[in-house]
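Next come the chains, spelled out residue by residue.
2 protein chains.
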Amino acid sequence: MRYELYYWPEIQGRGEFIRLALEEAGVDYVDVARTKGGMSRMMRLMEAGSQPPFAPPLLKAGKLVIAQAAMILFYLGGRHGLAPKDEAGRLWVHQCQLTLADFLVEIHDTHHPIASGLYYEDQKPEARRRAANFRADRLPKFLGYFDGILTRNPRGWLAGARLSYADLSLFQVVEGLAYAFPKAMARSKSRYPLIHALHDRVAVRPHIAAYLASERRIPLNEQGIFRHYPELDT
Amino acid sequence: MRYELYYWPEIQGRGEFIRLALEEAGVDYVDVARTKGGMSRMMRLMEAGSQPPFAPPLLKAGKLVIAQAAMILFYLGGRHGLAPKDEAGRLWVHQCQLTLADFLVEIHDTHHPIASGLYYEDQKPEARRRAANFRADRLPKFLGYFDGILTRNPRGWLAGARLSYADLSLFQVVEGLAYAFPKAMARSKSRYPLIHALHDRVAVRPHIAAYLASERRIPLNEQGIFRHYPELDT
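Protein sequence lines, in the order shown, are assigned to chains H and B.
Just so it is clear: in the first sequence, position 148 is 190 by my numbering, and no numbers are missing.
Just so it is clear: in the second sequence, position 10 is 52 by my numbering, and no numbers are missing.
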């Protein structure tokens, strides 16, 4: 079976967390909205059936269509060796992913504190205030939390002895934050070395390294979750 | 086995979604932080073990300690008849819950658009702007989404023929919104009648009605997610 991923074709966004898991697992998938006519197929799927999704990303697995990035990863992780087999382990990895999802909302809202439907340019003073608080308060809280988990696990991953989809997601968050807040993240290296070490170990895994070097990896830009506005990183 | 719920003792907050599920299921539980010495027990549990949670609510089920409200409900729902038995149904209800969790963040941020660590009084102009956009844009989008699901299911629930934990959560969201935004919600009744009808049917279920009338139900107040600031509901 070939998985179908549906997500906005010009950003990494929340779809990237799914792409990284599919790439690491080495499974067959198509990134539908980046193919010819794919956007219309995504729009039709958004309206179809009695249980429509609220928003992309969507994963089609045979007849099943599911949404919510963390839940898609929960589904894929159990099937492709990207999560522990026991219930406590599976729940723990899902819990890490949901905490990363909470973090992502806060990262996004540094540039959109008033409304996701308005331009950044329409909420710049508020974004400066929110980003200053984010850098001082929330960024250290989340980075410290994940670094603290890694401190407790000598194997170097969020769960047990093997990489899980939550480790791939933590890699992506560190990657995105380094793009959006290069100054703040450079300062964080000595304080939270373990998340940076995890990032570097994920980046050189064969499937991930090949993916990052490919055209399938959309460059980070100022349309997605992680945006580089220098005035928010002073 | 008696479940132990750990959550801030003076607000409904995210813990309320768990309380409603435990009450509807009629299972034995203790709301630990509301008992004598309970806050210290919660603080110790936050620091314990190799897999500490990021934030309350926490559920202790035997030796298992889990966090993230949506995941706790996923865990409880499967065990106490508050979710469908088949995989597609279980995923769908979890997906609804995760969308409600996204909605909750946006509801909260109407009064805290700049920083959760600052007082409302320190971000009032920004809150007015965010709340105006919320009422015009995001509130109808989320209410319309859930009303649309109910339109597609003649049985009146988010999933299939029986109430699930996501229905209890939708009840709670409608209840909280009616407290925080009474004017906007009064106007929404004719436009989204099915979510209001679901709310009313949940409120009179025997276990829920008894709970709502009891002292276990903490009144809504201006410390939680749903706060009534008249200036945000004009």
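Hints listed in this document are in silico derivations from the structure and should not be mistaken for laboratory results.
Treat each hint with caution, since some may be false.
[What the hints assert, rightly or not] As a list, the in silico DSBU-like pairs of lysine-lysine whose alpha-carbon atoms are at most 30 Å apart:
{"no.": "1", "chain 1": "H", "residue 1": "K102", "chain 2": "B", "residue 2": "K127"}
{"no.": "2", "chain 1": "H", "residue 1": "K127", "chain 2": "B", "residue 2": "K105"}
{"no.": "3", "chain 1": "H", "residue 1": "K183", "chain 2": "H", "residue 2": "K231"}
{"no.": "4", "chain 1": "B", "residue 1": "K166", "chain 2": "B", "residue 2": "K78"}
{"no.": "5", "chain 1": "B", "residue 1": "K183", "chain 2": "H", "residue 2": "K105"}
{"no.": "6", "chain 1": "B", "residue 1": "K78", "chain 2": "H", "residue 2": "K102"}
{"no.": "7", "chain 1": "B", "residue 1": "K127", "chain 2": "H", "residue 2": "K166"}
{"no.": "8", "chain 1": "B", "residue 1": "K105", "chain 2": "H", "residue 2": "K105"}
{"no.": "9", "chain 1": "B", "residue 1": "K78", "chain 2": "B", "residue 2": "K102"}
{"no.": "10", "chain 1": "H", "residue 1": "K166", "chain 2": "B", "residue 2": "K78"}
{"no.": "11", "chain 1": "B", "residue 1": "K102", "chain 2": "H", "residue 2": "K183"}
{"no.": "12", "chain 1": "B", "residue 1": "K105", "chain 2": "B", "residue 2": "K127"}
[Said to hold, decoys possible] To be clear about the criterion: a stretch of chain B counts as covered by chain H if any three or more of its residues have a C-beta under 8 Å from a C-beta of chain H, and this derived list gives those stretches:
{"no.": "13", "stretch": "117-126"}
{"no.": "14", "stretch": "129-142"}
{"no.": "15", "stretch": "227-240"}
{"no.": "16", "stretch": "266-273"}
These figures come from a predicted structure and were not determined experimentally.
Cβ coordinates follow ideal geometry from the N, Cα and C atoms, glycine included.
Evaluated hints:
The hinted pair formed by K102 of chain H and K127 of chain B meets the criterion: a straight-line CA distance of about 21 Å does not exceed 30 Å. Between K127 of chain H and K105 of chain B, the direct Cα distance comes to roughly 18 Å. Compliance with the 30 Å bound is thereby established for this hinted pair. At roughly 14 Å between alpha-carbon atoms, K183 of chain H and K231 of chain H fall within 30 Å of each other, so this suggested pair holds. Note on K166 of chain B and K78 of chain B: the hinted pairing is violated, with a Cα-Cα distance of about 36 Å set against a maximum of 30 Å.
The suggested pairing of K183 of chain B with K105 of chain H holds, with an alpha-carbon distance near 27 Å, which does not exceed 30 Å. Taken as a hint, the K78 of chain B and K102 of chain H pair is broken in the structure, with Cα atoms around 49 Å apart against an allowance of 30 Å. With a CA separation close to 48 Å, the supplied pair K127 of chain B and K166 of chain H exceeds the 30 Å bound. Simply put, K105 of chain B and K105 of chain H have alpha-carbon atoms about 37 Å apart, too far for the 30 Å limit, and the pair is violated.
For the hint pairing K78 of chain B with K102 of chain B, the CA-to-CA distance comes to about 18 Å; that is within 30 Å, so the pair holds. A distance of roughly 47 Å separates the Cα atoms of K166 of chain H and K78 of chain B; the hinted pair therefore is violated under the 30 Å criterion. Our distance criterion of 30 Å between C-alpha atoms is met by K102 of chain B and K183 of chain H, whose separation comes to about 24 Å. Proposed proximity of K105 of chain B and K127 of chain B is supported: the alpha carbons are some 24 Å apart, at most 30 Å.
Counting residues of the stretch 117-126 of chain B whose beta carbon lies closer than 8 Å to any beta carbon of chain H gives 1, which falls below the threshold of three, so the coverage claim is violated. Check on the stretch 129-142 of chain B: 7 of its residues sit with their Cβ under 8 Å from a Cβ of chain H, so the three-residue criterion for coverage holds. Counting residues of the stretch 227-240 of chain B whose CB lies closer than 8 Å to any CB of chain H gives 0, so the stated coverage by that chain is violated, three being the minimum. Three residues within the 8 Å Cβ limit are the bar, and the stretch 266-273 of chain B against chain H gives 0, so the coverage statement is violated.
Consistency with the previously given hints fails for numbers 4, 6, 7, 8, 10, 13, 15, 16, ordered from lowest to highest.
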